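*Asks:* Line by line, the protein sequences give chains F and B.
Residue 9 in this note's numbering sits at position 9 of the first sequence, with consecutive numbering throughout.
Residue 1269 in this note's numbering sits at position 269 of the second sequence, with consecutive numbering throughout.
These are calculated hints, taken from the structure and not from any lab test.
Mixed in with the good hints there might be a few duds.
Mimicking SDA-like on lysine to any residue, the simulated pairs with C-alpha atoms at most 25 angstroms apart in a straight line are [to be verified]:
id: 1; chain 1: F; residue 1: K352; chain 2: B; residue 2: G1044
id: 2; chain 1: B; residue 1: K1153; chain 2: F; residue 2: N442
id: 3; chain 1: B; residue 1: K1041; chain 2: F; residue 2: E248
id: 4; chain 1: F; residue 1: K109; chain 2: B; residue 2: F1023
If you want the footprint, here are the derived chain B segments under chain F, 3+ residues with CB under 8 angstroms [what the hints assert, rightly or not]:
id: 5; region: 1038 to 1046
id: 6; region: 1230 to 1243
id: 7; region: 1246 to 1258
The structure presented is a predicted model; accordingly, all values stated were derived computationally and were not measured.
Where is the CB? At the ideal position from N, CA and C, for every residue including glycine.
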Amino acid sequence: MKNIMLYKRIFAFFLALILVLSLAACTSSGASSSGIPSSESSTTDSSEEDEESAVEPVSDEVVTLTLWEYVADIERTAPGVYLCVKQFMEDHPNVIIDMVGTASEEHNKKVLLASQSGDLPDMTTLEWSMMRELKAEGFLADLTDEVYNRGIDDFFVPGVLQLEEDNTIYGLPYEACVCCYFYNKEIFDQYNVGYPDVEEWNWDEFINNCQVFVENGVTPVMCGGLSPWNIGIQQSFLVRYGFPDYIEKINSGEMSWVNDDFLHFFEKMQEYGEKNMMPSNVTTMDYFQALDQWIGGTGAMVSSGVWAVNQVAEAEFADQIGVWHGPVFEDGVGDKHRTVKSGTICYGVTAKCAEDTAKFNAAMDFFEFFYGEEGTRIHYEEGNTLTVTKYSGDKSKLSPLLQNVGALVDDDWTGYLLCTDMMPAGTADVFYDAVWGVMLGNYTPQQAAEQMQAEYDS
Amino acid sequence: MRWLSTIRNKLILHIPSFLFFTFYSVLSVIMAIYYSFTDFKGLGTPEFIGFRNYSRIFSDAIFLTAFNNTLIILVLSSVILLPLSFAWAYILDIPFKGNGLVKVMSFTPYVIAPIIVGTIWLFILDPEIGLLSSFFRAIGKPGWIHQWIGGDKLTPYSVTIVWVWQTMCFHSTIMLAGLKSISHDIYEAASVDGAGRIKTIFFITLPLMKETFITNIALQITGGLKIFEVVNELTGGGPNHKSETLITYMYSITFSRYKYGYGMSLSVLVLIISAVFSIGYIKNARQKLSD
Chain F
1 MKNIMLYKRI FAFFLALILV LSLAACTSSG ASSSGIPSSE SSTTDSSEED
51 EESAVEPVSD EVVTLTLWEY VADIERTAPG VYLCVKQFME DHPNVIIDMV
101 GTASEEHNKK VLLASQSGDL PDMTTLEWSM MRELKAEGFL ADLTDEVYNR
151 GIDDFFVPGV LQLEEDNTIY GLPYEACVCC YFYNKEIFDQ YNVGYPDVEE
201 WNWDEFINNC QVFVENGVTP VMCGGLSPWN IGIQQSFLVR YGFPDYIEKI
251 NSGEMSWVND DFLHFFEKMQ EYGEKNMMPS NVTTMDYFQA LDQWIGGTGA
301 MVSSGVWAVN QVAEAEFADQ IGVWHGPVFE DGVGDKHRTV KSGTICYGVT
351 AKCAEDTAKF NAAMDFFEFF YGEEGTRIHY EEGNTLTVTK YSGDKSKLSP
401 LLQNVGALVD DDWTGYLLCT DMMPAGTADV FYDAVWGVML GNYTPQQAAE
451 QMQAEYDS
Chain B
1001 MRWLSTIRNK LILHIPSFLF FTFYSVLSVI MAIYYSFTDF KGLGTPEFIG
1051 FRNYSRIFSD AIFLTAFNNT LIILVLSSVI LLPLSFAWAY ILDIPFKGNG
1101 LVKVMSFTPY VIAPIIVGTI WLFILDPEIG LLSSFFRAIG KPGWIHQWIG
1151 GDKLTPYSVT IVWVWQTMCF HSTIMLAGLK SISHDIYEAA SVDGAGRIKT
1201 IFFITLPLMK ETFITNIALQ ITGGLKIFEV VNELTGGGPN HKSETLITYM
1251 YSITFSRYKY GYGMSLSVLV LIISAVFSIG YIKNARQKLS D
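Extracted from the complex, chain F is given alone in its bound form (with noise of 0.2 angstroms):
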């Protein structure tokens, strides 16, 4: 009886330990610990990588860095990052870079909750809005000395490195943003319709054009309604409707979103609609989707920008691809050349990384590295993707693609921010509402530019 009692008692003491023990399981650092209900966040430790390959620390002081990426699978969405990361941690081996990836819809939601409990990582990626947030309440280190000191300005291409209004440097521009068409030539040709970037289609042209491709059952533009904010095409239209010209007075309140150039370009996002140019099930399905769809041949073009093109080029058709920023517009706000051309999103390094300097000199020497000469190769000709920083290998041993792409960024078209790198952060989800409202006809274009003007007042 003695004994019973006494293994009732041990069999207690361990269930309650583990008990304990699951609990602060729950509360361990990386992805987890922010309780976000991240759907898709994938935890990637370089540093066991490559095992053949990794050399022992040559000194005892190991410096770990955590970098957040705004995608779920960095590997295949940022190989250049991915490599980058992979061939630095290879020539400092007294660096070793976690990197944590999660969907950009929930990255952002992650980033403010880390904030909040302290959990913020060494390096993220940032939305520039966010990073102008995170600035104002001190979780941010400055940049701007060692940006200058290292030389780190002269790597980026005119334009895009952005300065803070007090000249400081926060947030380090990411990877090339040119917001575009992926158009499937094949298509293109087998109904005889002519290159809209050959043939600088207008809007009426883009509309008429593309329902050729209606009238024979071909998505004329494959996007995932799912993802909101599927919708950097249109952004880029919006800037040719004057949002760059604007923006300063609208965020001020001097000027109103319930604008006759605002009215006309929310009134051709209802044109878009109208003519079918989305999928029939465009609320069901994700920007991955619709790619994956556009990548298998359905759909004449795709709506989609440069930092797809690793992916893009996984398609049969992939020497058959062009790419196009989109129509001009004859009522538009002044160049029509105008377009979404900058570095997306930011890089930031921490306060809390800032305060110890080994961790802040191993990620200003990543930074510099990854903007380097070395660095933008990886991104070029390993990686296949662009950078906003200057290429000075030769570019025509590049894939034909790449270079197609790449003559996208560097052509004569004036490049802005994305327009909802300009607004007030929690202010793109409204807008995003607001253009899929108009494109789904559940808004009028009135209604659409008042929910924006409503929001700022709010």
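Based on the hints, put chain B in the right spot on chain F.
*Replies:* Frame of chain F; chain B shown alone:
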């Protein structure tokens, strides 16, 4: 077992659960109530704004849409779920070969992660590429295809179907426990008196299972009010918030638009609605029982 039955030891053993509940449940609710009276945006210091968030709720058209959708799901699922789960429990109560395996297999939908459930049903209900639409095309009835999800009207009803599919087994399990608790002597006595199967169900089984039904309805109300993953995966609350439920809208406001204060006021309102519905229903039902 005397050492376990002392009050002191009982209290000590309860401490971990109590701490866990206090930290993760009670404290979270208190923090939510606090933020609901502020204009907190996720960063910086929250500023107290009184009841402004609450006064905004009832003029918010999207909230009213979300409330309407949630009500549709709740009412419909009550009408469908309770009879269905009772019927299934009744069948499972019949001894037959393989009964145990059927019980286990029927519980499968409930153990699948809700996000996976949403993804599975997305590929069934998608109006273009979904299994249902493909089936109608295959049998030559393309006219039967509707915008099951992603449209203006049918999404709450589709969500109800998915919700019932996912939770029926859970409610059946509770119903089955209720069925098992009824003594067979009563059925024997009824049978001796000449009562058939139908009369037995309506005049003996159902009355004796009233407590079980009360429990099921209360669980169904609280579960229905917090539907999130299924809606999030099927439609993301779209298009343009037309398929939002209370929780998906709260999530969107809080984490996508960074309006933590307003989002917390929505969550407090959901808490109050949930408490009023479930506690009110249980009290009322139990009072009728005792009468």
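*Asks:* Each hint should be assessed against the structure and marked as holding or not.
*Replies:* Cross-check of the supplied hints:
A threshold of 25 angstroms between alpha carbons decides the hint, and for K352(F) with G1044(B) the separation of about 17 angstroms falls inside it, so the pair holds. For a cut-off of 25 angstroms, the pair hint linking K1153(B) to N442(F) stands: about 12 angstroms separates their Cα positions. Restraint check: the Cα-Cα separation between K1041(B) and E248(F) comes to about 22 angstroms, which is no more than 25 angstroms; the hinted pair holds. A hinted pair counts as satisfied when its Cα atoms are at most 25 angstroms apart, and K109(F) with F1023(B) qualifies at roughly 22 angstroms.
Requiring three or more residues with a Cβ within less than 8 angstroms of a Cβ of chain F, the coverage given for the region 1038 to 1046 of chain B holds, as 4 such residues are present. As drawn, the region 1230 to 1243 of chain B meets chain F at 8 residues by the rule of a beta-carbon pair under 8 angstroms; at three or more, the given contact holds. Residues of the region 1246 to 1258 of chain B lying with their CB closer than 8 angstroms to a CB of chain F number 5, which satisfies the three-residue condition for coverage.
Every hint, counting from the list given before, is met by this structure.
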